[in-house]
Every structure is written in C-alpha cells, then in structure tokens.
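Construct the complete structure from the given sequences, taking the supplied hints into account.
For reference, each letter of the sequence shown is one residue, going 17 to 311 in the working numbering.
It is worth saying that the hints were derived from the structure and are not from the lab.
Wrong hints could be hidden among the right ones.
Straight line, CA to CA, 27 Å or less: simulated BS3-like cross-link-like pairs of lysine-lysine [said to hold, decoys possible]: (1) 210 to 136; (2) 85 to 104; (3) 74 to 210.
Here are the computed distance ranges between Cβ atoms for each label pair [as the list claims (entries may be wrong)]: (4) 38 to 184: 32 to 38 Å; (5) 25 to 116: 46 to 52 Å; (6) 288 to 263: 20 to 26 Å; (7) 251 to 94: 39 to 45 Å; (8) 91 to 55: 22 to 28 Å; (9) 268 to 20: 28 to 34 Å; (10) 20 to 41: 37 to 43 Å; (11) 41 to 200: 25 to 31 Å; (12) 18 to 57: 51 to 57 Å.
Keep in mind the model is a prediction, meaning the values are calculated, not measured.
Note that beta-carbon positions come from the ideal geometry of N, C-alpha and C, so glycine has one too.
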Amino acid sequence: MDITPEMVQQWSRKHDSLLLTWTRSVLTTALADSKRLEGRDYEIFGQGSFANETNIAKSSDVDLVVALKLPFQEDISVLSPAGKQVFKQVYEESLYDWHDFRSDVIATLRRSYHVVPAKKCLDISDFDSLLRLPADVVPALEYREYSQMRSAEHEEYRLAVYFHDADGKRIVSYPRQHHRNGQEKDRNTRGRFKEIVRVVKNAREFVAPSDGKPTVSSYLLECLVYNVPNEVFRQPLPMAFQGVLDWLVAQENWLDFQCQNGIKLLFGEAFPTTHEPEVRPVIYEVRARHCRPLS
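This is the structure we're talking about:
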C-alpha cells in the first residue's frame with residue numbers, strides 16, 4: 017500500500033500537548049512536599065517528542081527531567097591551570113551526588129506511586145489504577161562544560177544534564193539545545209520541520225516489520241530530518257516530504273550529520289556508526305512507498 021498525500025496531511029497534524037502540562041504538574045506536586053528534597057534547588061522540564069511537539073498518535077510516554085542545579089557535575093578539562101584553581105576556590109566538593117539525588121527522588125515518589133527503575137529513567141504508576149502515568153522520569157544533575165572561569169561572577173559554560181543508566185554508564189545529554197534548535201528550524205521552515213518529523217515518524221510505523229516493532233528510534237529520525245537544508249521544506253507539504261526523502265537518499269555519506277542539539281555527531285557519537293546502514297533502508301522504503309506528488 018502506498019503512502020498517499022491524504023495520509024501525509026493527516027500524519028503531519030500536531031497532537032494535544034496538555035498531557036505534558038498535566039504530567040509535569042503531577043510530578044511537581046509529588047516532589048514538592050518532601051523532607052528529603054527540602055532546600056534542594058531542582059528544575060523539572062520536558063524532553064522528547066511531547067516537549068518538542070513531534071509526538072504522534074502512537075506516542076505513549078511523556079519524558080521529564082528532574083535536574084538538580086546544585087551540586088552539579090562539571091567538565092573543567094579545557095580550563096587553564098589558573099581557571100581550574102579559581103573553580104576549586106569558588107565551588108567546594110559536595111558529598112551529595114547523583115546517586116543520592118536519584119535515591120531521594122525515588123523515595124519521594126514511592127510515597128504516592130509505584131516506581132520501577134528502567135534503563136535510563138523511572139517508570140511511574142498509580143497504586144490505585146492499572147494504568148501507568150504516561151511518564152518516564154529522569155533524575156539528573158545539571159552538567160556544566162566550562163570554557164572560561166575567571167571568578168564567581170565571570171564563568172562561561174555549556175549547560176547539559178548528567179545521569180547514569182542502569183549499567184552504570186555515564187550519560188551527558190543536551191535536551192535544552194535540542195529543543196531550542198528545533199524551535200528555530202521550525203520557524204525558519206515556516207512550520208514545516210515539525211510537520212515533516214511527525215510524517216516521517218508515522219511513515220516509519222507504516223513500513224515497520226510485521227512484528228510491529230519500529231526499527232529506528234524517534235530521536236534518531238528527528239535528528240536525521242534536522243540535517244535537511246531549510247529550503248527543502250519551503251514548499252507544499254507533500255512536495256516538502258518528498259523533497260526531504262529525495263535529499264536524504266541523495267546523500268552518500270550520513271556520517272557527518274549532527275544531532276539536533278548541534279553538539280554531537282548523530283553517527284559515531286550519539287549512535288554507533290553501525291546504525292547508519294540500518295536506518296537507510298527505512299528511509300528508502302518510505303520513499304519507495306510514497307506517491308510522488310504532482311509538481
């Protein structure tokens with residue numbers, strides 16, 4: 017079965033973002049009345065498809081980060097010896113670390129919900145319902161990549177979040193930069209970028225194997241589409257979708273593609289280079305199944 021212009025139009029539609037607002041409110045309330053977290057300065061914000069408005073009908077979970085601002089994790093490797101000395105004078109080492117913060121978040125949430133630690137997040141469910149709260153929660157520390165440190169009032173750093181996965185692997189991610197760059201690209205493409213991302217995600221489901229399991233992650237697809245030049249998007253929707261597919265297929269080398277955060281390479285840093293030959297057939301199949309629009 018072909019992908020028709022009507023399907024492209026339907027798939028492009030933005031879905032309600034109230035679920036993100038409601039879930040963040042529930043989490044904020046659950047953490048607010050906690051002796052363990054009393055006096056701790058943390059921020060709760062969304063990441064993933066709901067926060068970036070690229071969720072599709074089959075999207076299930078809202079991804080939320082609970083990021084502790086102080087103490088934070090840092091990278092001061094590029095600072096001069098003098099800069100490193102200033103850093104150590106301004107910020108004392110803390111005995112409270114990510115493991116402690118995560119434990120406190122879990123203990124607090126378990127007062128109201130059933131909490132199951134997963135690979136990178138916490139799955140939350142309600143004791144009084146068989147339904148899960150539609151949320152994956154990531155306890156994290158603020159992460160600072162320092163470029164300058166002259167004094168407490170004159171410091172320069174790039175902001176990220178820091179946590180460990182279930183295997184103990186240290187993870188640094190850039191959800192704020194991902195969100196900001198997506199917003200900018202959507203403005204520069206007159207709203208087409210996020211529409212096309214939603215279409216591509218739905219098309220992945222459409223051409224998925226018979227077992228129904230998507231072969232490519234939503235994050236990878238969003239970053240892939242982000243690399244397409246803005247001018248390709250500036251045409252009627254079916255033609256823009258076709259143009260994005262044509263442009264991707266025409267590129268012989270995807271190894272220079274960046275993540276949407278603009279910091280990491282998509283293949284070789286965010287994902288192994290082995291993912292590149294795995295995602296290509298999906299894009300080729302979507303292009304082959306799409307009814308080429310009349311120009």
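Subject >> Unsatisfied constraints (hint numbers, rising) >> reply: Hint check: nothing fails, all pass.
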